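Visitor: Each chain, letter by letter, is given below.
There are 4 protein chains.
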Amino acid sequence: MKGFFYPRTATGEASLIPSPPWYYSGDLLTVEYRTDPARVADLLPAPLSLAPDDPGAVALIWADWQSCSSGREELLDPVRSQYKEAFVVVRCAYRGEVFSRCVYIWVDKDFAVARGIHQGYPKKLGSMWQTRPHPFGQAAPQIGPGGTFGATLAAGDRRLAEAVLTLREPCDGNGFVNAHPMAHHRVLPGIGRGAPDAFAELISSGAAGFEGGPAWRGDADLRLHESPTEELARLTVDEVIGGYYRQVGVVWNGGSTLERLA
Amino acid sequence: MKGFFYPRTATGEASLIPSPPWYYSGDLLTVEYRTDPARVADLLPAPLSLAPDDPGAVALIWADWQSCSSGREELLDPVRSQYKEAFVVVRCAYRGEVFSRCVYIWVDKDFAVARGIHQGYPKKLGSMWQTRPHPFGQAAPQIGPGGTFGATLAAGDRRLAEAVLTLREPCDGNGFVNAHPMAHHRVLPGIGRGAPDAFAELISSGAAGFEGGPAWRGDADLRLHESPTEELARLTVDEVIGGYYRQVGVVWNGGSTLERLA
Amino acid sequence: MKGFFYPRTATGEASLIPSPPWYYSGDLLTVEYRTDPARVADLLPAPLSLAPDDPGAVALIWADWQSCSSGREELLDPVRSQYKEAFVVVRCAYRGEVFSRCVYIWVDKDFAVARGIHQGYPKKLGSMWQTRPHPFGQAAPQIGPGGTFGATLAAGDRRLAEAVLTLREPCDGNGFVNAHPMAHHRVLPGIGRGAPDAFAELISSGAAGFEGGPAWRGDADLRLHESPTEELARLTVDEVIGGYYRQVGVVWNGGSTLERLA
Amino acid sequence: MKGFFYPRTATGEASLIPSPPWYYSGDLLTVEYRTDPARVADLLPAPLSLAPDDPGAVALIWADWQSCSSGREELLDPVRSQYKEAFVVVRCAYRGEVFSRCVYIWVDKDFAVARGIHQGYPKKLGSMWQTRPHPFGQAAPQIGPGGTFGATLAAGDRRLAEAVLTLREPCDGNGFVNAHPMAHHRVLPGIGRGAPDAFAELISSGAAGFEGGPAWRGDADLRLHESPTEELARLTVDEVIGGYYRQVGVVWNGGSTLERLA
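Residue numbers (full-length UniProt numbering), protein chains in the order written: chain L, 1 to 262; chain D, 1 to 262; chain Z, 1 to 262; chain S, 1 to 262.
The hints are simulated quantities; they were obtained by calculation from the structure and are not laboratory data. A portion of the hints provided could be inaccurate.
What the hints assert, rightly or not - Derived, one-sided and incomplete: chain D residues facing chain Z with beta-carbon distance under 10 angstroms:
(1) 22
(2) 23
(3) 65
(4) 75
(5) 77
(6) 79
(7) 127
(8) 132
(9) 213
(10) 248
(11) 249
(12) 254
Said to hold, decoys possible - Computed, partial: chain S to chain L, Cβ under 8 angstroms:
(13) 75
(14) 81
(15) 257
As the structure is a prediction and not an experimental result, all values here were calculated from the model. Ideal Cβ positions, reconstructed from N, Cα and C, are used throughout, including at glycine.
With the hints as extra help, turn the sequences into a complete structure.
Guide: Here's what the structure looks like:
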């Protein structure tokens with residue numbers, strides 16, 4: 001039976017996602033801020049603990065992606081290639097090293113959900129929008145001083161977050177919170193009633209390839225809204241660190257198990 | 001850390017799905033037909049094999065569901081409760097017993113995708129529509145002789161299947177293909193490049209509770225269409241067995257492992 | 001050139017909507033309440049004025065429809081037949097008679113938008129959900145004492161309204177606000193810069209045929225939320241009059257001009 | 001009462017669209033081809049007739065837009081700003097002059113539908129996708145030699161058209177079919193049963209402002225698919241003229257009436 005992911009069949013052609021490597025081109029709008037470190041600790045199961053420096057730092061990142069597999073055929077049928085996402089990253093410590101960790105994430109395509117199950121991103125469906133730069137400014141900002149970008153996130157027909165970023169100056173990178181290898185749990189609950197997890201592991205992964213355009217820094221405003229099925233608003237915005245915009249190209253090609261947990 | 005599914009947090013409130021039991025009320029439109037048994041065998045990984053009797057029988061089932069957890073709060077925020085699906089079921093043999101097996105399935109909500117990952121249903125996102133009965137016939141059929149229902153399935157902006165069912169008479173049940181306990185694989189690929197599966201098991205599950213209204217049988221027409229990312233159309237409709245309509249209430253509350261595979 | 005609505009072609013087959021009559025089967029969940037009559041007057045252009053009795057009465061109505069034209073072919077391709085809507089109705093006076101008037105409405109299909117342009121309903125796109133009754137109560141209420149239904153409305157990725165209705169007893173009808181013939185404006189702005197309306201008329205229409213099941217009355221809770229592009233929340237809920245649930249079948253087949261305005 | 005479009009209120013804030021001028025920044029992917037001129041004539045009501053030269057020329061254009069009004073506030077809430085569309089343009093003659101005419105168009109937002117009603121574009125809802133260029137080529141083409149772009153159109157859960165364009169060289173413009181002022185009908189059927197149109201006029205409009213980047217020409221493949229509610233596939237692709245890609249900025253600010261028809 002062939003197929004990287006389900007459904008597995010004699011040909012493998014129906015698999016929801018093909019084997020890595022996976023390729024991405026897109027734009028990232030990042031807002032970094034500080035919240036109560038206790039709220040970050042609420043999201044770090046053992047064996048993870050708070051990062052030693054600036055433990056309450058959070059990054060809320062919007063990404064507008066085009067993606068494909070090695071065959072690139074998705075690019076010619078772009079309903080299978082384009083997707084948007086918003087995700088929340090914190091940092092944590094594991095065996096003396098600092099990792100990044102995605103604690104919440106929303107996407108708008110099923111292939112992106114499936115990649116997340118493989119990579120340990122806790123993906124839900126949402127509706128994400130971010131202003132696009134364009135060479136002609138009739139209805140678009142440029143990536144440069146004064147360029148203003150909005151970004152919104154909704155799920156379950158409720159708006160969860162909205163940001164406005166006005167670019168000011170070039171800078172060295174688009175933030176420090178999402179700059180480490182990721183430490184993610186991959187978990188499958190047991191099939192029996194009340195059973196413990198059938199499988200659980202802590203894995204690490206990062207980009208197998210990366211190119212980035214100039215990063216821009218600016219002034220950011222971020223508002224989070226309550227929802228009965230989300231906990232994002234508990235990560236209150238106590239102090240904005242900064243906002244960033246950057247165009248990137250990324251390759252992802254697997255990770256490694258840090259620790260088997262179940 | 002709490003939460004049946006991801007994301008797991010200190011409170012568990014953001015979990016994409018709560019713990020079973022899960023409750024369902026809905027309408028099922030089923031078309032059963034025969035295809036080449038070799039095409040069914042293409043979908044049965046070891047240790048499963050073809051069912052001994054009528055091995056090429058297939059059921060394509062549309063379902064219009066309302067669902068909830070024990071707390072029932074989803075019912076008051078029905079964007080979290082209602083979903084539609086279409087799924088393809090075949091039968092198979094395992095250790096001398098006959099099981100049903102869902103080989104393809106499309107749903108339209110993320111909580112339904114997540115339940116599928118737990119239960120071993122290979123869920124993708126799709127767009128499903130089925131005619132609804134209603135007490136007033138201005139724009140609706142009734143569940144009774146001559147009642148005509150349409151059903152369609154699309155994914156990736158392509159129509160994959162369409163059926164028309166005209167009810168003729170009451171019958172004993174809504175088909176025999178989806179009438180056994182399910183035998184499903186639950187698989188998580190290894191995180192390393194080219195790694196074997198990190199976890200794989202064959203599980204069985206069925207309804208923990210079931211109520212069904214009168215089943216109706218009728219004449220069905222079913223057309224399947226090609227898509228570069230689907231293999232549904234390979235299960236060619238060689239002979240229609242019958243079409244069925246039934247309203248049901250179901251409880252699902254876990255299953256059991258038949259065999260650990262990896 | 002043929003076609004009731006655009007696009008008009010030699011065959012008329014591509015017309016977004018066919019000629020009336022139009023047929024509807026569906027469920028209505030209504031919450032009636034009182035707001036400041038001055039806010040209702042804000043929505044009544046000349047020659048309309050406030051209704052003499054209970055001028056601040058408002059109905060917010062959710063409807064879950066299946067609809068078709070005389071040929072009924074939409075019922076077999078239900079993506080063309082089913083739609084949901086939420087709409088706000090007030091009453092007004094015109095030449096000594098009382099009319100109902102839809103002041104805001106959201107739907108989720110283009111054919112419903114087009115019908116609204118013809119009928120003078122100011123339709124926008126939205127996301128509406130309402131709990132469905134079902135014969136099996138695993139995840140559904142019944143239409144009867146204690147049956148509890150939720151309903152929500154969102155547009156632009158913001159939740160605009162949410163209601164909960166618990167049925168208590170049968171009653172004579174599902175409210176009085178939406179019980180008169182409709183008085184609607186049909187307006188097309190002039191194509192020139194700053195031009196006055198190219199066309200404007202006040203029309204009246206109502207059902208050409210109606211069947212209704214038993215109406216149920218109950219206790220309703222209604223919350224309205226702000227949005228920068230909506231004015232619904234200005235119609236503050238000062239006092240809930242009642243909540244209603246009813247299944248209906250309707251035929252619509254044109255109206256008449258009350259007054260040509262431009 | 002204020003508001004350019006419905007609903008009109010005391011403040012005008014809820015109007016589905018604000019007054020022109022409207023501003024657009026976006027990317028256009030165009031495929032021009034020849035069909036049987038008789039099929040074009042089927043789409044030209046009196047007083048329009050076939051263009052004298054190359055009367056069977058057709059342009060199928062995909063556009064990925066960001067748009068706003070003079071206040072530009074939509075750009076910070078991009079769910080109100082971004083939309084996609086695909087539209088079919090032919091040429092026609094009126095009183096000795098050649099005009100372009102949009103005969104079919106699909107968009108994915110309600111504000112775009114409303115603008116179309118004002119401008120005489122026969123807009124339906126659809127699902128459109130077109131490959132995006134990006135500075136980093138991991139999963140994106142560049143606008144340059146060899147850059148390959150796909151584009152698809154679906155409506156009613158059926159795929160209607162798909163194109164693949166491979167750029168070869170710069171050229172003077174992105175086609176000749178959509179290069180004239182538009183000649184559109186604006187029509188409102190009468191509200192009475194079987195009544196003639198209450199309003200009909202032939203209008204002309206074009207861009208009030210335009211900027212365009214370099215145009216690129218290339219090899220295009222275009223396939224059209226049947227649908228029971230569309231007539232696009234009757235405009236058979238007899239001969240591809242060429243494919244084009246261009247980034248543009250546009251301002252629209254009203255038009256003028258050519259002839260009042262009803």
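Visitor: Now look at each hint and say whether the structure bears it out.
Guide: Structure-based check of all given hints:
no.	hint	verdict
1	22	8 angstroms, holds
2	23	4 angstroms, holds
3	65	8 angstroms, holds
4	75	6 angstroms, holds
5	77	6 angstroms, holds
6	79	5 angstroms, holds
7	127	7 angstroms, holds
8	132	6 angstroms, holds
9	213	6 angstroms, holds
10	248	6 angstroms, holds
11	249	3 angstroms, holds
12	254	16 angstroms, violated
13	75	6 angstroms, holds
14	81	7 angstroms, holds
15	257	26 angstroms, violated
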